[in-house]
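Chemist: Protein chains in written order, with this note's numbering: chain A, 1 to 342; chain B, 1001 to 1291; chain C, 2001 to 2326.
Be careful, since some hints might not be right.
[Unchecked claim] To be clear about the criterion: a stretch of chain B counts as covered by chain C if any three or more of its residues have a C-beta under 8 Å from a C-beta of chain C, and this derived list gives those stretches:
1) 1126–1138
2) 1141–1151
3) 1222–1228
4) 1247–1255
[Said to hold, decoys possible] Computed from the model, here is a short list of chain A residues facing chain C with C-beta under 7 Å:
5) Gly38
6) Gly92
7) Met97
8) Thr104
9) Pro108
10) Asp129
11) His156
12) Ser159
Source of the hints: derived by calculation from the structure; they are not laboratory data. From a predicted model like this one, the values you see are computed outputs, not experimental measurements. We put the CB at the ideal spot given by N, CA and C, even for glycine.
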Amino acid sequence: MTSPGTPVLEVADLRVEFRTDEGRVQAVRGVSFQLNRGEVLGIVGESGSGKSVTSLAMMGLLAGSARVSGSVRLHGTELLGASDKALSRVRGQSIAMIFQDPMTSLNPVYPIGYQVAEAIRAHHDVSRDAAAKQAVQLLDAVSIPNPAQRVDNYPHELSGGMRQRVVIAIAMANSPEVIIADEPTTALDVTVQAQILDALRTAKDQTGAAMLLITHDLGVIAGQADRVLVMYAGRVVEAGTVEEIFYAPRMPYTLGLLGSQPRLDMRRQRLHPISGAPPSALNLPSGCPFAPRCPLAAPVCEAEEPPLTGAGGHLSACHFSDQLVGLEPADLFRPVSQDTTL
Amino acid sequence: MPDQEFRVAQCSQTQLVARRFRRHRLAMVSLVVLLALVLLAFVGGWLWKYSVADLTPDESVPPSWDHPFGTDAAGHDTFAQVLRGTQISIGIAVLGAVVATVVGTVWGATAGYYGGRLDTAMMRIADLVLTLPFLAVAAVLGHNLGGSWWLIAAVIAGLYWAYVARVARGVVLSLREKEFVEAARAIGAGDARIIFRHLVPNAFSSIIVNATVLVAIAILLETALSYLGFGVRPPDTSLGLLVSDAQTAVDTRPWLFFFPGLFIIVIALTINFIGDGLRDAMDPQQTRMRR
Amino acid sequence: MLAYAIRRMLVSVPILVIATFVVFVMVSLSGDPLSELKTRNPPPPPRTLQLEAHRLHLDEPLLARYWHWITGVFHGDFGPSVQSTQVIGPELAHRFLVTFRLIGVAMLLALALAVLVGVVSAVKQYSATDYTFTFFGFLFLAMPSFWFAILLKEAGISFNDTVGNQVLFTIGDSSVYVEGGTWASITDVLGHMILPTILLALLSFAAWSRFQRPSMLEVLNTDYVRLARAKGLRHGTVMTRHALRNALIPLVTVTALDLGAIISGAIVTENVYQWRGAGSFLLESIRHDDAYAVAGWLLIAATFIIVFNLAADLLYAVLDPRIRYA
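With the rest of the complex left out, here is chain A:
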C-alpha cells in the first residue's frame, strides 16, 4: 500500500505513433507525469491533442498498428509491452477506465447487472449470486434508483446518464488504485453532467483511487482536479496545481483556453478566442507547434521547440513564460463579443 502523496502511476516519455496510408502520425510526443495516491489529475486539451490516446496507450488498448514507446509504471511494474495475460490482470483490477460515449460503452445484448458482475468475476473467484449481489450494491452506490430491479434491465432501457453511471459502477467494482475517466461528461447534457461528476466523486471516495480526468471542459477541471496537465499537439505544454493553472498560467495556450471560456460570473465580458486551428498531426511544424497561433511568437519559437521546465512543480513549455506573469487573456488575444449575433 502506498502512503498518501506517493506516486501510484509514473509515466515517462510516452510516445505513440500511428502508421496510416497518409504517413506517420505522431499522436503523443513524449508525455511524462506522475499520479499520486488520492489525487485527481486533470488532462486538458482540444480534440487531437493526444489526451485520449495517452490514456488508451497506458491501458494497452490501442490497435496493433500503434507504436508505443516510453514507460508506464504502476507501483513500479512496467505496463508497456507486458503480455495480454499480465495486462488483463491489471485492467479492471488496478486500473479502471470510463469511456466517453455511454450509449455505446455497454454491450446491448447482456443485462447491466450481468456486465457489472462480469467485472467482478473477471478478477475474483466468486459465485454468480455473490457477484450479482455486489452488482446491486455498486449500482446503488452510483445512485441508480431501484437497483434490485434495474439489475435485469438491458442498456437500451436506460438513459445516457444512467448508462454512464453503470460504467462508473463497473470501474469501481474491484476498488482499483487508478480510475481513468476519458471525457466522462462530454456526451451528456449539462444537467446530467453534475450527477455524473458526483458519481465519479463517490467512486473515488469509496475506492480511495487516484483519478486521471481527461476533458476539454475547463469548468469540469476547475471543479474536480487537484493538479492539471495542459496538452497541445501531443505534448504537455503546462503542468501545475489547479490554482496555478487558472490564476497564474505560464503558457500562452493555457491563457488562450481560459479566455475562450464564457463565464457566468462575468457577464457581458468579451471572449478572447485563439485564432486558427490546431496543427494536423501529420504535418507538425518545426519548433513550438503553437507558434502559428501565438501572439508572442518570435523566430526562436519556430526554430526550437521549448522544453517543459519550471520551478516547484509548475512547469511550462514556452520560451517566454516569464512574460506571462500577471497577464489576462485580454492582454494577449483579440476579443470577440460574447453576445454577437451571427
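Following the hints, put chains B and C in place on chain A, whose structure we already have.
Modeler: What follows is chains B and C alone, placed relative to chain A:
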C-alpha cells in the same frame, strides 16, 4: 442559384470518387480486363473470320492458331461461339440489371418516402416476389415465353427489382429524416421533386454499387437458365448453353467446357471487384492502418 | 415476445395467401398443359383433347380453377398431373424431403465456414490469411454453379479412379442396392452426399463470409468491446462472449434471405448429379407443362421460405434484446 450549386458540388464529388477508385488497384485492373473482354466480344466477334454458324471442316480439334478455342464435333469454331455467347450474356445481364435498378429504385424510394400504408402495400408486393426461388420462376417463365434475349432480360428484371426496391427504401428511410429534406420542403418543393432531385442523388452511391453487383448476379442467373434449357435457345447461343453442350465432353474435349466457364467467371469476378472498388471509393472507411 | 411472434405471423399469412394466387395465375397463364398432347404424332382426336382438358379443369374459368386448387391443397390434393399416373402431393413430399436433406447439411456447413472465414479475416485484417480468404470468397461468388458442379463431378470421378474405389458418387442420392446393413447404407448415402453438399456449401458461404467480415470488423471496433478489454477480460473471452455474440446476429437474417438462392442452387445441383429431389421434379414438370405440379412446387417452396424467414425473425429477436423490447 441553388440548382447550379448542387450541380457544381456533384461535379467535384465525381472527380473525388474517380480519384479514389483509381487508387483501388484491384478494381482498376478488373475494369481494364472487363473492358478488354467486352471489346473482344463485341468488336472482335464481329471482325473474326468465322461466325457462329460456320461449319468448318475441322471437327473436334483442340486450340490452335486457326481456332484459338478449338472446335466442336460439328466443326463450329468455339472462339466465335464463345464471343457470341459473351455478347448475348452480357447484353441480357446489363439490360436486366439496368431495368431492375430503375424500376426498383423508383419503387423503393417512393415507398420509403411516403411511408405508412402505401409503403406497406408496396413493400408487401416486393416481399411477395422475394418469397419465390428466382431460378424456379425464371425457368417457368423462360420455358413459355421463348428465348428472345430481351424477354429473358425482362424476366430477370421482373425478379430482381424487388431486391433493389428493398435497398432503395432503406437508404431513403435513413435520408428522409435528414435536414436537407425538411429544408427542401420548407421552400415548397413538391414530393416528386424531393424524391428525384434530392433523395435519389444522395442514394446514388448505394444504387450504383448495387446495380454493378446486380449485373454479375444477372449473368450467373441467365447462364444457369440457359444451361437448363430455359434461357437462350438455338440458333442463338449463350455461355450457359455452351457449357451445357460441353458437359459430356469435359474429359475428351476440355476446351469446349473450360473456355465458356472461364469467361463467365472472369466477367463476374471483375464486375464484383469493380463494385467493391466503387463502394470503397464512394464511401471511404476510416484510413487504413498499416501494420 | 409472444406478442411480437404473433404479430409477425399475422403479417406472413396474407403474403402466403396472395403468393399462392400469384403463383397459380402465373403458371396457368404461362403455358399450355395440353401442348405435349397436341404435339404428338399422329395428333390425337379432338375428343381426347376435350377429355384431357376437362380432367385438368382447363374448361373452367381461371378463378374457379384457383379456388378448386387451393381448397384441394388444404386436403392434401394438389390437383391432377399431366402425367396421369402421378399423384402430385405425395410425390412433392418425397422429393422435397430429399432436397431438404441436401440443403440442410449444406447450409450448416456454409454457416460454419462463413463464420470461421469471416471472423478470422476480421481478426487478422490485412494478413495473408485475410487476403486468401477474401480471394476465395470472391471466386466462389463469381462461380457459375452448374459449371463448378460439373467440374467437381469430373474431379470426383478422377479421384475415384486414383483411389481405385468408388468413394465419391456422382449420380443419384443413393445407390439402388447396398449390401452390408445399416452402416453400409449410411456410408453409401454419405458418399452420394459429399460432392453436392460441398458444392452448395461453397456457393453459399462466399456471400455470407463477405458479409460476416465487415460485421465482425464493425463489432471489433465498438466501445463495448474495448470496455470489455478494459475490464480485464482475457482476449479469448472478449472475442467470444462480446464480439462474436454480437457479430453473429445479422448473419441470421442474411442466411434466411438466402434460402431462395440456395433452393435455386439445389435445382442446378440435382440436375448435374441426377438426384431425384424437388429440383429435378420442378424441371420435369416444367418440361411437361404440368401446371398443377409446378404450382404446387412453387407453393411449397414459398411456404418454406416464409416460414424460415419467420423463424429467423424470431431468432433475431431472441438474440437481440433491443428488438424484443422495442
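Chemist: Sort out which numbered hints this structure fails and list those numbers smallest first.
Modeler: Violated hints: 5, 10 and 12; rest satisfied.
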